[in-house]
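Undergrad: Can you build the whole structure from these sequences, using the hints too?
Okay, here's what each chain looks like letter by letter:
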Amino acid sequence: MSLSYTQLLETNNLIQQNTDETYWLCLTRTVQESKLFPVSPYMILSYFMAFYRYPALLRKIETHMRAEEIGDRVRGRGIKCQNPAMGWGLPNFYLLGREYLISLGLIRPQDAVEDIIYVLDFWKRFQLAWHRNDAHLTNREFGHRAQILPERRLQIFHADLYDCAEGDPLHSAAQAFMAATSQYGFLVSCESRIALTNQGPYKLDDERELIVRDFMDLAEGDYPWLDGVAAEMPYNNLTVPMAVKGCHFHIMDDWGSFESQPEFKSHHMVGVGLYTSDCLTDSYVPVGMGSREELTATFNDLTARAKEATAKLWKRIAGWTRDQMIDAGAITYFGICKDIAHVAGCYDPADWILVDERAERLRPLLNDEYSNMSLWEILGPLSHPGQRTHDYQLMQHSNLPANTYSLIPYSILDDGDYTRTCGEMHPGITYLEPKADRYRTTRGVLGIAAYNEAVKSFTPRLNQPRFRFRCESWLKYHYDSPLAHEMYRIEQEDSRLLRDRGAGLRRADIEKLRK
Amino acid sequence: MTRLLSDTDKFGEECSTPVVEAFHLAVKDLVRRKFAASGKPWQEFVFGDAISRITREDFAAIDARLLAYGHRYVWSAVVSQRERPEAYTAAQGVEEAVGDFSFEHPEAVVLPVDSAGLEQRGVGDNVVKYDEDLVGIARYVRSSAQVLSYLEQGVPPGTIAIIDDSGGTLTAPILEQFKGVLCAGGTVRSHLGILTREYGIPCFMNARLSGIREGDTVRMECSATAKTAEHYQRGVEQTGRVWRVQA
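Taken in sequence, the protein lines are chains A and B. Numbered according to numbering that gives the first Met the number 0, the first sequence spans residues 0 to 514. Numbered according to numbering that gives the first Met the number 0, the second sequence spans residues 0 to 246.
Any given hint could be a false lead.
Stated by the list, open to error - Output of the computed footprint for chain B on chain A, the stretches with three or more beta carbons under 8 Å from beta carbons of chain B: (1) 94-103; (2) 258-266; (3) 317-330.
Hints are computed from structural coordinates only; laboratory data are not their basis. Don't be surprised by glycine CBs; every beta carbon is placed ideally from N, CA and C.
TA: Structure below.
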């Protein structure tokens, strides 16, 4: 591969976009420490893993499915291919690994240049496809919004919502479910927020907005530590469309977190639904949506299961060694984008749940103090020497003479002084118990070979080639065509109110049907 | 002497913290030595010999050298201190009985008892604004052993948990049972902040407290304005008060 000036310009722009947003996210969103997990040590280990493994893993995935096709496939399902997984985690974990290695003198900014270009290009193509309906690269670019879904899916979420009000059984059950499942998600993810995400907002009327809340990796699946303790979780992914009244979600960031004006409180929630999805569903599948009473009971049942699994998992984790905790956390972070391998039907546990030996050798550096302070320096004051730039610079948000991430020097186009790639996958190790070959899917519990095979032989109906490019811009002028009606009817098959209604309805029509 | 690219850096300066600087200098010295020993150009070394010849043992030796100088690491996860007590500073007020332990933050705002019997003992970043303030009993929760005890015996009613862990995992199985939370770290968008909001539990993050002891009756000014991302971005101080209620 010969490098071009244009490639480097574009890649450096993508690096810089992540610089700017990462600083803002870290400044406004989190200061994370845990007495239970060595969080900073596992985060840094995961960054090293990402630098050494992502290029090879992404190239492997693209031998099965292109990044933009994966983006198209996951647009209509609530799996871990959204934010923060793909919108932020994939590029930033890789770039943080690179920046750490630069700081340690182990690489230079012009090393593994083809890897950097490739990883960011993969990310860009995925993101543009996933964000196709709002035509942005990231939530940041959209002023911190994520309007991912097409009208046909939003109409179903809207139509099939059950209204609720604070104090009624459904409202209480839904609120308890979201709290308990969020708690469980943090524990499953070893103190990271990556089991949870939100997208939207979508406008229901002048007073109400809808956001879509996803809870992911809840059941026996990719994480060895859920073997057994999550056996009673019947769904790996759950999605809650939530209507609110009286507050506006003005920030939906690339970590999938929201902020609203006024601040969201439970009494603002006026409608809920519940769905599941995975790589083997056409779209979102209703869960307990037959009646208000059934949905209330379903939320209560899932809440009890989440609490039971939380207690079991907490006891398991409390007995872990430090190395086991670091492994689990690093695997969780590094594997933030693992679901793209599931979508492509090429998921191999050896790729995703082992610590690459090139990263593993650095573990002795990762005591709590070095990890906490070096992470603070690389994300807060940006005081690793490689991050500092000339004295006239005012970085976005921080006003510092610094960048979170080093840019690729253009001089390599003159002198050729660069390296192409960090190379192929190396073996990995783990201190954790071996992973059982059990993966909860919407087709039951499968072994990984059967799961991959099922995915490979399945194309969601709305991802068939004849529908793929029938986008919202096309729909605007062809809503009365047989093809448009067919698309809407496929999506509407499981809808309580919209089954067979077709493509002609507007938002006001949906609201009338709900009365 | 063999030089690395980063040895010529017009703008880079030392890292802010001594332990980070010490580790980075030591690793760079290691890389220089291994690079020189390889006899190869950097392009061949960086993903070749640098991988095979710079080993786990080399990095462990850097760790051992810093400890040999007498440095002890500040710990954040209890398991780190428990497994390598010789490498970390001592743990106090964590796994043993709380006794008279109290958080003593240098920036805690402390005022004398007022006419209503309220003695301000600190401030914190309010996660969610509620209509009324909250009164409860202060109880420190700092270790997994204590969480396990509460998990088995139940959290005493009316507990306002005082926590130095802004995460959502240490207290995961018992969080729902707290009446309120005062967390000594984090921001309102840290995991504990997110979870308390979901549960509807009043919570102050980044609580700067002084002199609150186990069993004290405390009042949280949950009616204070919540801190927002904009406040953080603009560096605006926006806090709620914490009082000890006199008997």
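Undergrad: Now, for every hint given, state plainly whether the structure supports it.
TA: Hints and how they fare:
no., hint, result
1, 94-103, "holds (count 3)"
2, 258-266, "holds (count 5)"
3, 317-330, "holds (count 5)"
Figure legend: structure checked against the earlier numbered hints; every hint is met.
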